[in-house]
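Participant: Listed below are the residues making up each chain.
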Amino acid sequence: MASTNGVMLQEEDVSLLRVDNINKTFVTTRALRDVKFEVEEGEIRGLVGENGSGKSTLASIISGIIYPDNGEMLKHGKSYEPGSLLDANRSKISIVVQEMATIDGLTVAANLFLGEEKLFKKFGFLNTSGMNKSSMKVLQRFGIENIKPDADISFLSFEDRKLVEFAKALYVEPDLLIVDETTAALSQHGREILFREIERLKSKNRSVIFISHDLGEVIEHCDHITIMKDGEIVDTVTTGSLKERALKELMVGRELQQSYYREDTEAFYSDDVVLGVSDLTLEGSYYNISFELHRGEVLGIGGLTNCGMHLLGKTLFGLESASSGTIEVVKRKKVITNYVEAIANGIGYLPKNRDQEGLMLLSSIKDNICLPSLSKIQRNTFISPRKERELAESGTRQLNIKMSSINQFCLYLSGGNKQKVTLSKWLVRDSDILILDCPTRGIDVAVKASIYSLMQELKVKGKSIIMISEELQELIGVSDRIIVLKDGRIKRIFSRRKDLTEEEIIHYMI
Amino acid sequence: MKTKKVLSIVLSLVFAFVLFGAHMLFAEKEEERPYLIGVSIWADSGPLSKKVISNLRYAADVLGAEVEVAVDGFKPDNQVSNIENLIARGCDAVMICNCTDAVVPKFVKLADESKVPLALYFRKINDPEIKAYAESSPYFIGNVHEDEVAVGYSLGKALAAKGCKNAVIINYNKGDTTAENRYVGYKKAFAETGINLLGEQWDILDAEKAANTAERFIAAFPEIDAIAVGGGGGGPLSGTIRAVKNHNKVGQIHITASDFGPDIENSLKNQEVAAMSGGHWTDPFFTFILLYNYVDGHPLSDKVETITMQPIYLTSVSDAQDYTKWCMDEPPYNEEEIKNMTVKHNKGFTLSDLRRIAAAFSLEDVMERHK
Amino acid sequence: MRKMRGIKKIIPYLGLIMIIILFSALTQGSLITFRNLKLIFNQAVVLIIACIGVTFVMSQGSLDLSQGSLLGISGAMAATFAALNTTLSLPMALLTGIAVGLINGSLLAFFKIPSFIITLCVLFILRGLTVIATHSGSIPIPFEMLELDSYQIKVPLLVTIIVIACYFFNYTKIGKSMRAIGSGEVSARYSGVPVERMKILAYLVSGVLCGLCGWLNVVRTGAADSKTGLLFELDILTALVLGGMPLTGGSSAKFHSAIIGGLMLAILSNGMVLVGIKAELQQAVKGVIFLLAVYLSFERESVVLIK
Chain A
356 MASTNGVMLQ
366 EEDVSLLRVD
376 NINKTFVTTR
386 ALRDVKFEVE
396 EGEIRGLVGE
406 NGSGKSTLAS
416 IISGIIYPDN
426 GEMLKHGKSY
436 EPGSLLDANR
446 SKISIVVQEM
456 ATIDGLTVAA
466 NLFLGEEKLF
476 KKFGFLNTSG
486 MNKSSMKVLQ
496 RFGIENIKPD
506 ADISFLSFED
516 RKLVEFAKAL
526 YVEPDLLIVD
536 ETTAALSQHG
546 REILFREIER
556 LKSKNRSVIF
566 ISHDLGEVIE
576 HCDHITIMKD
586 GEIVDTVTTG
596 SLKERALKEL
606 MVGRELQQSY
616 YREDTEAFYS
626 DDVVLGVSDL
636 TLEGSYYNIS
646 FELHRGEVLG
656 IGGLTNCGMH
666 LLGKTLFGLE
676 SASSGTIEVV
686 KRKKVITNYV
696 EAIANGIGYL
706 PKNRDQEGLM
716 LLSSIKDNIC
726 LPSLSKIQRN
736 TFISPRKERE
746 LAESGTRQLN
756 IKMSSINQFC
766 LYLSGGNKQK
776 VTLSKWLVRD
786 SDILILDCPT
796 RGIDVAVKAS
806 IYSLMQELKV
816 KGKSIIMISE
826 ELQELIGVSD
836 RIIVLKDGRI
846 KRIFSRRKDL
856 TEEEIIHYMI
Chain B
306 MKTKKVLSIV
316 LSLVFAFVLF
326 GAHMLFAEKE
336 EERPYLIGVS
346 IWADSGPLSK
356 KVISNLRYAA
366 DVLGAEVEVA
376 VDGFKPDNQV
386 SNIENLIARG
396 CDAVMICNCT
406 DAVVPKFVKL
416 ADESKVPLAL
426 YFRKINDPEI
436 KAYAESSPYF
446 IGNVHEDEVA
456 VGYSLGKALA
466 AKGCKNAVII
476 NYNKGDTTAE
486 NRYVGYKKAF
496 AETGINLLGE
506 QWDILDAEKA
516 ANTAERFIAA
526 FPEIDAIAVG
536 GGGGGPLSGT
546 IRAVKNHNKV
556 GQIHITASDF
566 GPDIENSLKN
576 QEVAAMSGGH
586 WTDPFFTFIL
596 LYNYVDGHPL
606 SDKVETITMQ
616 PIYLTSVSDA
626 QDYTKWCMDE
636 PPYNEEEIKN
646 MTVKHNKGFT
656 LSDLRRIAAA
666 FSLEDVMERH
676 K
Chain C
56 MRKMRGIKKI
66 IPYLGLIMII
76 ILFSALTQGS
86 LITFRNLKLI
96 FNQAVVLIIA
106 CIGVTFVMSQ
116 GSLDLSQGSL
126 LGISGAMAAT
136 FAALNTTLSL
146 PMALLTGIAV
156 GLINGSLLAF
166 FKIPSFIITL
176 CVLFILRGLT
186 VIATHSGSIP
196 IPFEMLELDS
206 YQIKVPLLVT
216 IIVIACYFFN
226 YTKIGKSMRA
236 IGSGEVSARY
246 SGVPVERMKI
256 LAYLVSGVLC
266 GLCGWLNVVR
276 TGAADSKTGL
286 LFELDILTAL
296 VLGGMPLTGG
306 SSAKFHSAII
316 GGLMLAILSN
326 GMVLVGIKAE
336 LQQAVKGVIF
346 LLAVYLSFER
356 ESVVLIK
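So the sequences go chain by chain: A, B and C. In case it helps, the numbering used here puts the first sequence at residues 356 to 865. In case it helps, the numbering used here puts the second sequence at residues 306 to 676. In case it helps, the numbering used here puts the third sequence at residues 56 to 362.
Hints listed in this document are in silico derivations from the structure and should not be mistaken for laboratory results. One or more of the hints may lead you astray.
Unchecked claim - Result set (EDC-like, lysine to aspartate or glutamate): computed pairs, CA atoms no more than 20 Å apart in a straight line: (1) C:Lys93 - B:Glu418; (2) B:Lys414 - C:Glu202; (3) C:Lys341 - B:Asp349; (4) B:Lys436 - C:Glu199; (5) B:Lys414 - C:Glu199.
Said to hold, decoys possible - Here are a few chain C residues that face chain B, going by a calculated C-beta distance under 7 Å: (6) Arg90; (7) Pro195; (8) Pro197; (9) Met200; (10) Thr276; (11) Gly277; (12) Lys282; (13) Thr283; (14) Leu329.
Cβ atoms here follow ideal geometry from the backbone N, Cα and C, with glycine treated the same way.
Using the sequences provided together with the hints, build the complete structure.
Facilitator: Structure below.
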């Protein structure tokens, strides 16, 4: 591993962007301290670190969304002080942010040219058709012409909206593009577009800062990688022969345990069937799904984003009603038709969209954890505050959730801790069957590892888990069996084995 | 959690202290003070209610008493609350223009409970059962009202005198005694003089609604030549005039109204209005006199008394000028006359004197006394 | 941020105390004479009970604007049936409330129309029905029913309602589920809250309590009038916001808002009458205070998250 101090080039050469001693404090937490950072022309720079290490803060400062407390930035050797995102755009720096940044109710074209409408002003009126035409050109150039410029953006899928944001960031022809944790939201197709464009920028001697939790991806595409921890830059390394594991250690700042995933290489579960699914069909989404879930089994379900597996997960939990077929909790001989029954019969569900579906952000950790278990702790309708507290405390202790108190609002938790709270809801309820939809989406390595070990722990205790995931490594790493879906149909069921490879699974996915 | 509890205890203590500490501090002081008469009125804006209040204040000034006004918007719950509040405020007597007969029993009950005399103005109780109930109370003193049937009748005749043949009536809400009585009067006059009643609309309390209703009537009945505005010299009349003006029918459609509008002289001069009744804002004044004498320890009667008075009718510009001069710019009863209506200043004053004064009230009466 | 939250919690209490002190001073103490306090209680009872009902609705982040007309129509039903038999009046008022609550709740739960639109429409419909039922006038009740308007009935009734409602709101699955819906309907559903059932239940509670208020109001005034309850829904909303109820509902919805807010508004109205502020000005003062209360209690974070 070649560690260099910044990227040492000739002294007289001026960097594209130079960040000097930037500090930023949010109320009481110091998000950035004395950050020094340089990006050269024609470079793809990876930026990694655990949740809350300051990556997004740094990106936001560079792109003018927030201002630093002190320190300075130089672009091509000249002072650069962006007052806003548009300001940064004018200086040829653009960003694709982590959150959703499109505005509902506006068309794709209006979103694309937001802030630049004056280009299309004619006699004081907005020339909508001109704007749509220009948008069409932009979209075509990025190979996403399936998105219509005059469509209301709120009707687009999450991925398409991200791609529109991406196109918006690119059409200004930036010298420096920042991509903040965007790939987690994208499918294979979207990622291909993204990386194709990044390579194109590089070939034009432009630069990219690429922020991601997916270290494999970062290593594959970046020239250099800067590692951040607790608001400081730990190191900048040249990718070269760097291994993911070494990078992880740099991020976490300590040696990682030997294994990230479970160690055994054989499927291992009881013969007792806990959940029987037969001939489940939801028109337009998935068809004739039949499988059995066993006691102590981790059943992975994989496929492309739109293969129907996410809706299948919701159906298993009774949130969607299938057009035909049944879901039966075998032990209780109970057919599940709605979510209230599902919970009563020991099924728990971790949704993919954590902030909207998994948590009540403006409620306390206690309220969130206790909600599904209220009927368990009530006594003749009475719910004692003491019991609630005890339940929440046991849940947070079990998962080691970092918080100031159980009365803290979930809004102020980091992504990993939010995910732990969502999981904790079902753990304290002692659910027998857990349906986890993308349980490690957008969370850092440390929490990821603890979630995997938790799954292992639950498995040993005899709980059953259905894990829906878009990450093949994860599926291979923790599942006893993997169901591969394509276009809503089961293509293949793999059993756990030592030499199972991603390629083999991909073959059945597409 | 702990701080929260401590905080709430501290707060409750502060609360209790403020409540009882201040109570001790401000404990009701008994002292000599002028009589306080509580008046609940539908509004404290608008020409009629403003004149009622100012006239009462003048009378109270003359007699060294005070008037406390509370606004009820003609809503039953507000009226009940107002009477409760006025009594709590320490009023020695309360007067109100009840929005409906049905609320009167409650008023009477409140008066009985707190032993505060109560009287009505502008009103007569029509419902015999409620009337009997109210009259059984020792604290219900009486009521003053206009002969509203006569008002409607006189104005109806005035329309006939203008040669009108086809009329509509725009009125206050049903259940409002005044409005219903005027309606009866109008119908009687129309029947006698052969005027067709083309339509009627109730629940009109403001200018907007009145204008819309009048426009609809004018559009629906081209032959229309008279609009009788049953209530409201303020809003409803001005709305109706506006509608007639919009259709350029001034002089062709004759309007009559009760309760003088803001600019009677011009309205009459421009032929916007054919005839009007009004000046009955003296009515609450007689209620006030009833209550003042009672509170002062010289009740005029030991029974419940109903006093009937006549409004002033105006049909010409000179009438209107006289009215403005003698009734508006100067009080219709001067200091001496008011004092003479109290037993305190005029030992021999009796109920029948008051009845006579009220019945005699007219433009000529005022002019004769003050010329 | 968290400190602000702490301060926000006590604002309603401070407001109540400040209003009491202010008006005590302005009226030289006549505000807090025992007689006047009894009066304030008497005038606040109906408002507080109605507020308690709406608390359940607002904790879900919904609104109930139909209350004003519901007060009118349930009063009209009570008065109409009292003429036949006085014992019928209370059940009829309650039944009216239950029926309206069920309609409101079902429309919201199954047609997914925003609650303020539904209840606003219901407000107009019921006002129309009230005018018809009272023949655009008023219906008197038998005189003996006026005797029911007594502290011996109202005090125990109010205390019972407060205790039961407070228990259900704070210590049972029902209350907690309703607040969960306010905090995030989707998340609540995904945690097993039967959202539709809870919505209907909330409007049912709000309806039946308002029905009771309709009856109490008729017994108090002795008549059901076509104008009874006009703008009452805004009084309730003002009282609850004064009491610290967030318009978005959720976990910051507190039960005491109904009581504190109801008392505050009653004291405010009573105090302004005692001080002798003009009627138009009273409305303006209420408006300004309402705005201030909304400003102070507004959860700016939640606006981003909850539509």
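Participant: Against this structure, judge whether each hint is valid.
Facilitator: Taking the hints in turn, this is what the structure says about them:
Of the pairs offered as hints, the one joining C:Lys93 and B:Glu418 holds, with about 14 Å between alpha carbons and a cut-off of 20 Å not exceeded. A distance of roughly 9 Å separates the Cα atoms of B:Lys414 and C:Glu202; the hinted pair therefore holds under the 20 Å criterion. Restraint check for C:Lys341 and B:Asp349: satisfied, since their Cα atoms lie roughly 18 Å apart, inside the 20 Å limit. Note on B:Lys436 and C:Glu199: the hinted pairing holds, with a Cα-Cα distance of about 15 Å set against a maximum of 20 Å.
Restraint check: the Cα-Cα separation between B:Lys414 and C:Glu199 comes to about 11 Å, which is no more than 20 Å; the hinted pair holds. With a least beta-carbon distance of about 6 Å to chain B, the hint placing C:Arg90 at the interface is held under the 7 Å criterion. The beta carbon of C:Pro195 comes within 3 Å of a beta carbon in chain B, closer than 7 Å, and the hint placing it at the interface holds. Interface hint at C:Pro197: violated, since its Cβ lies 9 Å from the closest Cβ of chain B, which is beyond the 7 Å cut-off.
Interface hint at C:Met200: violated, since its Cβ lies 10 Å from the closest Cβ of chain B, which is beyond the 7 Å cut-off. Taking 7 Å as the C-beta contact cut-off toward chain B, the hint placing C:Thr276 at the interface holds, the least distance being around 4 Å. Interface restraint check: C:Gly277 against chain B, minimum CB-CB distance 4 Å, threshold 7 Å, status holds. For C:Lys282, the interface hint holds, the least distance from its beta-carbon to any beta-carbon of chain B being 5 Å, beneath 7 Å.
Because the beta carbon of C:Thr283 sits about 6 Å from the nearest beta carbon in chain B, less than 7 Å, this interface hint is met. Hint on C:Leu329 holds. Least Cβ distance to chain B is approximately 6 Å, under the 7 Å limit.
Violated hints for the displayed structure, listed by number in ascending order: 8, 9.
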